[in-house]
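Trainee: Sequence:
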Amino acid sequence: MSESPPHLPMVKVISDAMGAPLPQPRLLDLSDTDEGGQPLRQILKTTDPQKYGILVSDYLT
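Take the sequence shown: its position 39, counting from 1, is numbered 43 in my numbering, and each next residue is one higher.
Honestly, the hints are just simulated from the structure, not real lab data.
Owing to the predicted nature of the structure, the values given are computational and were not obtained by experimental measurement.
Certain hints may be false.
Computed list of lysine to aspartate or glutamate pairs in EDC-like fashion (alpha-carbon distance at most 16 Å, straight line) [said to hold, decoys possible]:
hint: 1; residue 1: K49; residue 2: D20
hint: 2; residue 1: K16; residue 2: D33
hint: 3; residue 1: K16; residue 2: D36
hint: 4; residue 1: K16; residue 2: D62
Now the in silico label distances, taken between C-beta atoms and shown as ranges [as the list claims (entries may be wrong)]:
hint: 5; residue 1: G40; residue 2: S61; range: 32 to 40 Å
hint: 6; residue 1: T65; residue 2: E39; range: 28 to 36 Å
hint: 7; residue 1: D20; residue 2: D52; range: 15 to 23 Å
hint: 8; residue 1: S61; residue 2: E39; range: 36 to 44 Å
hint: 9; residue 1: T37; residue 2: L59; range: 28 to 36 Å
hint: 10; residue 1: Y63; residue 2: E39; range: 28 to 36 Å
hint: 11; residue 1: L59; residue 2: E39; range: 35 to 43 Å
hint: 12; residue 1: Q42; residue 2: D62; range: 29 to 37 Å
hint: 13; residue 1: D38; residue 2: D62; range: 31 to 39 Å
The C-beta atom is built at its ideal place from N, Cα and C for all residues, glycine as well.
Start from the sequences, fold in the hints, and give me the full structure.
Mentor: So this is what it looks like as structure tokens:
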């Protein structure tokens with residue numbers, strides 16, 4: 005696995021679009037692009053983990 009640029013990190017997605025927890029976090033590389041060089045994914049928003057009872061330390065590797 006190559007290192008992602010700092011502004012396009014590897015991220016763990018821990019819930020679906022409706023906010024339901026995923027059985028296993030999905031590791032996504034935000035530097036992945038389509039054939040035209042456009043990003044496949046982007047971060048639309050962030051949230052306060054405490055608001056949802058998320059312990060960030062549970063997801064750090």
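Trainee: Now look at each hint and say whether the structure bears it out.
Mentor: The hints, checked one at a time:
Pair hint K49 plus D20 holds up; C-alpha atoms about 13 Å apart against a cutoff of 16 Å. For the proposed pair K16 and D33, the alpha carbon gap of about 9 Å is at most 16 Å, so the pair holds. Taking the CA atoms of K16 and D36, the gap is about 14 Å. The hint holds against a cut of 16 Å. A C-alpha spacing of about 11 Å is found between K16 and D62, which places the hinted pair at or below 16 Å, so the restraint holds.
Taking the beta carbon of each, G40 and S61 are about 38 Å apart, inside 32 to 40 Å as hinted. Restraint check, T65 to E39: a C-beta distance of roughly 31 Å satisfies the suggested window 28 to 36 Å. The hint said 15 to 23 Å for the Cβ distance between D20 and D52, and at roughly 19 Å that hint holds. Against the hinted window of 36 to 44 Å, the Cβ-Cβ separation of S61 and E39 comes to about 38 Å, which satisfies the hint.
Distance hint check for T37 and L59: the Cβ-Cβ separation is about 32 Å, which falls inside the suggested range of 28 to 36 Å. For the pair Y63 and E39, the supplied restraint of 28 to 36 Å holds, since their beta-carbon distance comes to about 31 Å. At about 39 Å, the CB distance of L59 to E39 agrees with the hint of 35 to 43 Å. The given range of 29 to 37 Å is respected by Q42 and D62, whose C-beta atoms sit roughly 33 Å from each other.
For the pair D38 and D62, the beta carbons lie near 32 Å from each other, so the given range of 31 to 39 Å is met.
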